[in-house]
Amino acid sequence: AQSVTQLGSHVSVSEGALVLLRCNYSSSVPPYLFWYVQYPNQGLQLLLKYTTGATLVKGINGFEAEFKKSETSFHLTKPSAHMSDAAEYFCAVSERRAQKLVFGQGTRLTINP
Amino acid sequence: GAVVSQHPSWVICKSGTSVKIECRSLDFQATTMFWYRQFPKQSLMLMATSNEGSKATYEQGVEKDKFLINHASLTLSTLTVTSAHPEDSSFYICSAPPAGTDGYTFGSGTRLTVV
Chain A
35 AQSVTQLGSH VSVSEGALVL LRCNYSSSVP PYLFWYVQYP NQGLQLLLKY
85 TTGATLVKGI NGFEAEFKKS ETSFHLTKPS AHMSDAAEYF CAVSERRAQK
135 LVFGQGTRLT INP
Chain B
2 GAVVSQHPSW VICKSGTSVK IECRSLDFQA TTMFWYRQFP KQSLMLMATS
52 NEGSKATYEQ GVEKDKFLIN HASLTLSTLT VTSAHPEDSS FYICSAPPAG
102 TDGYTFGSGT RLTVV
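Here the protein sequences come in this chain order: A and B. Note that the numbering used here has the first sequence beginning at 35, numbered continuously upward. Note that the numbering used here has the second sequence beginning at 2, numbered continuously upward.
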């Protein structure tokens with residue numbers, strides 16, 4: 035069965051600083067990987083996804099993530115944090131297209147002025 | 002892109018009553034709908050998977066008789082929390098699997114408070 039581990043339940047960075055949110059997964063087959071953002075009392079918005087092809091994936095709002103099979107990782111980065119990036123971020127994996135998503139524990143990102 | 006409309010956004014009900022949450026796929030057909038539950042400051046946990054025309058598949062530990070899921074048509078899936086109790090208070094979110102190259106589409110969620 036697949037699983038996802040997000041290192042750090044809370045990450046705090048200064049505005050303009052690099053954002054790095056860590057995600058490691060386990061899967062018995064080549065995974066489909068996702069990053070979602072959630073604002074309070076709202077649903078989830080897709081930031082980016084990896085299915086096949088290029089391992090560096092660019093998403094919305096300046097975020098990107100790199101699929102590293104050897105490290106079973108899919109870390110999310112953004113070069114320069116903005117106040118509006120403050121939210122909860124979830125990494126998720128599915129083993130096949132359109133199958134259920136398994137979520138990590140989530141990382142709360144705080145941006146300091 | 003694909004949109005899933007979830008209603009209500011929030012609901013307060015008395016203990017012992019039932020609450021129905023609806024998720025509609027607005028511009029596409031969803032043969033499958035995933036239902037998640039999220040406690041405050043926690044992750045999303047899959048409760049069940051509804052399939053149009055067949056019985057829902059429940060995750061281990063989820064009470065089938067308490068959380069009734071119906072997938073009445075290709076555009077509507079419902080979750081009914083029966084005989085609700087305060088411990089059922091949570092954030093419930095539905096999600097449709099990707100169509101084409103899209104990602105999973107999530108409803109906006111329902112905040113249920115049982116008093």
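Treat the hints as calculated values from the structure; they're not laboratory data. All C-beta atoms in this analysis are idealised placements derived from N, C-alpha and C, irrespective of residue type, glycine included. Misleading hints may appear alongside valid ones.
[What the hints assert, rightly or not] Label pairs and their in silico Cβ distance ranges:
| id | chain 1 | residue 1 | chain 2 | residue 2 | range |
| --- | --- | --- | --- | --- | --- |
| 1 | B | P87 | A | G50 | 42 to 52 angstroms |
| 2 | A | N146 | B | S84 | 39 to 49 angstroms |
| 3 | A | S60 | B | E64 | 20 to 30 angstroms |
| 4 | B | L69 | A | K92 | 21 to 31 angstroms |
Cross-check of the supplied hints:
Judged by the Cβ atoms, the range 42 to 52 angstroms given for P87/B and G50/A holds: they are separated by roughly 44 angstroms. Between N146/A and S84/B, the C-beta spacing of about 46 angstroms keeps the proposed range 39 to 49 angstroms intact. For S60/A and E64/B, the Cβ-Cβ distance of about 28 angstroms falls inside the hinted range of 20 to 30 angstroms, so the restraint holds. As the Cβ distance of L69/B to K92/A is approximately 41 angstroms, the hint placing it in 21 to 31 angstroms is violated.
Of the numbered hints listed earlier, the single one contradicted by the structure is hint 4.
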